[in-house]
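Participant: These are the residues of each chain, in order.
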Amino acid sequence: MKAKKLITLLLVAVFVLVAFAGCAGSSSYKEPEKIVIGCNYELSGAVAQYGQMTMAGIQLAVDEINAAGGINGKQVQLVKVDNKSDNNESKTVATRLATQDKVLAILGPATSGATKATITVSDQYKVPVITCSGTADDVTVSNGKVNAYVFRTCFNDSFQGNVMANFVYNDLKLKKAVVLSDNSNDYSMGLAATFKTVFTKAGGTIAAEENFTAGDKDFSAILTKIKAKDYDVIYLPSYYEEAGLIIKQARAMGINVPICGGDGFDDSKLNEIAGDKNLNNVFFSGHYSSQDTTKVVVDFNKMYKEKTGETPNAFNALGYDLAKFVLQGVKTAGKYTSDDVAKALMNVKDFQGVTGTFTLDANHNPVKSAVVIEFKNGVQKFRARVNP
Amino acid sequence: MELFIQQIINGISIGSIYALIALGYTMVYGIIKLINFAHGDILMIGAYVGLYCVLLFKLPLIPSIIIAMILCALLGVVTEKVAYRPLRNAPRIAVLITAIGVSFLLEYIMVYFFKANSRTYPTDFFSFGSANIAGITIPIDKMVVAGITIALMILVQIIIKKTKLGKSIRAVSSDRDAAQLMGISVDRAISFTFIIGSALAGVAGVMYGAMFTINPLMGIQPGIKAFVAAVFGGIGSIPGAILGGLLLGIIETLVSAYFSSSIKDAVAFAILIIILVVRPSGLLGKNVKEKV
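Chains as they are written, first to last, in the numbering used here: chain A, 1 to 388; chain B, 1 to 292.
Take these hints with a grain of salt, some might be off.
Said to hold, decoys possible - No more than 27 Å apart at the CA atoms, straight line, and that leaves these computed lysine-lysine pairs for DSSO-like:
| no. | chain 1 | residue 1 | chain 2 | residue 2 |
| --- | --- | --- | --- | --- |
| 1 | B | Lys58 | A | Lys217 |
| 2 | B | Lys58 | A | Lys84 |
| 3 | A | Lys91 | A | Lys102 |
Rather than coming from a laboratory, the hints here were simulated on the basis of the structure.
None of these values were measured; they are calculated from a predicted model.
This is chain A alone, in the form it adopts within the complex (with noise of 0.2 Å):
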């Protein structure tokens, strides 16, 4: 019995020295030799494609920096963990990251789901939690209240409507929409709403608008009765599965305009349900496309491919944008805690990445190019940047 309460109070003893010691240490201040990053991405599960390929982007960033001399002289060291595309295990991890590994600010997860799950990490441990990919709208700004330790270096939901309303009615010269969203999903309804809006505002009409809910795989209904009305594109934000069957009855019953969607209709599913052959006169918004032809990413291309033999796609260029653009912030930081590197994020002016250059806004949002991306054939082309 005794023993048992010895040992009780050494434990105590031990857990009050730890704790003492770690406030001595942040309030003197003392410059690490290092600079440890923490990746909190999807290694596996679900999504773990994302998270892998974005991984594969920010390992290359960091030994290009690394190999230039590090930042400001410090050598850059990244502490992976693998949040198994699971929401409550990447909040366990980013509290891992932040209070064992003390990183200066963590990178990812992928998608917005997981990212939301380490908002209150951020906040609890003042770490910069950093994405490149979740683009709901409300990862950076809840309840009408910016998040102050989450940012993110994509464009958000409601942007990708705005650039297709431009695309559309500038590029393509089109004034007459339908409009075609599912109303089960927020991101669909979310890019719908800002592309009406964008779209009537640039002077074009709306001639109809039709919802329909995930899992319905019977579109006649509602394409037959669009078939009947004046207009000359088709706006479908969706995923990939109900996009692909409404791509497929549409061209089947002759409907033969532009439809054009949102960064879901990048994935092979799309060709595998609608069919190469009804990919003609498709276009949709994305973050960045192999083909673009400026010189950033003609650089970034050829590097890449040195490097890894393969040619880069949007997530490892994402990826690859999100490392240097933290490790900028780092940089001229002046000190070496997370708080000032979450602060200095902010000050990074035109930061140059090969997904556009861009700052970020008072809502944690880069204001950024899209391209636009058309299939010929049920082959991806590039088709434009378009400037916010």
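Since chain A is already given, all that's left is putting chain B on it; use the hints.
Facilitator: Just chain B, lined up with the frame of chain A:
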């Protein structure tokens, strides 16, 4: 007017798929008073059989449908023998729960072996272009669906009304004990009912899968719709199932066309409730008094 006719054709096309599935529900209910909740999953199996016929053996539509019919019929008989026959004299609720169990079993075996991802038939497998008749564009695939359905329904009617097996099914449906006393094999009649119902679900599966996408849980939604169609037309009645399926498809389509597709299910089910309040035994159902 053209638009209206086109919408009716859309409705008939999806409605005939519901009708094919509803036939299986209604026949099984008619003979053993069981709502076979695994019926929608037989449709799913049919869709996968069809998919592999196309992917592995490059078979065209009709042979794929025939193979799916045979395999689904086998599966139907096996589930009846293994899961339902031992419970023939058990309370009805026990059999119903077993049916739900079989449904989950089939779904998750398929998830395990074939993954939960959506799959698609090759796009050229079921596309026939469209015909123009009197200014109305009619997609030929819709006509094919309706045509195959009508042909199969006539066949089922002939089997039920004209053959000896059909006669035994009708006899067992109306009074099992009396039929048995007359020397009719009840087991055979019931097995045969499952064969017909499951084969029809297999056909529906191939057509549904080829038109849309397939995954292991795809049977749930058309299964429930078809069950509703069967009740709508009067459960136990074969012409009732056909009428119910077609009407449900047409109502759904017209609601999406003239109101909003978000409320199509709400309206369809509201109509169902009204009809059941007015005619508790469904449109063509017989009002049978419970035997005391």
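Participant: Each hint should be assessed against the structure and marked as holding or not.
Facilitator: Structure-based check of all given hints:
As the CA atoms of Lys58/B and Lys217/A are separated by approximately 25 Å, the hinted pair is consistent with the 27 Å bound. Taking the CA atoms of Lys58/B and Lys84/A, the gap is about 39 Å. The hint is violated against a cut of 27 Å. Under the criterion of a C-alpha separation no larger than 27 Å, the hint pairing Lys91/A with Lys102/A is consistent with the structure, at around 15 Å.
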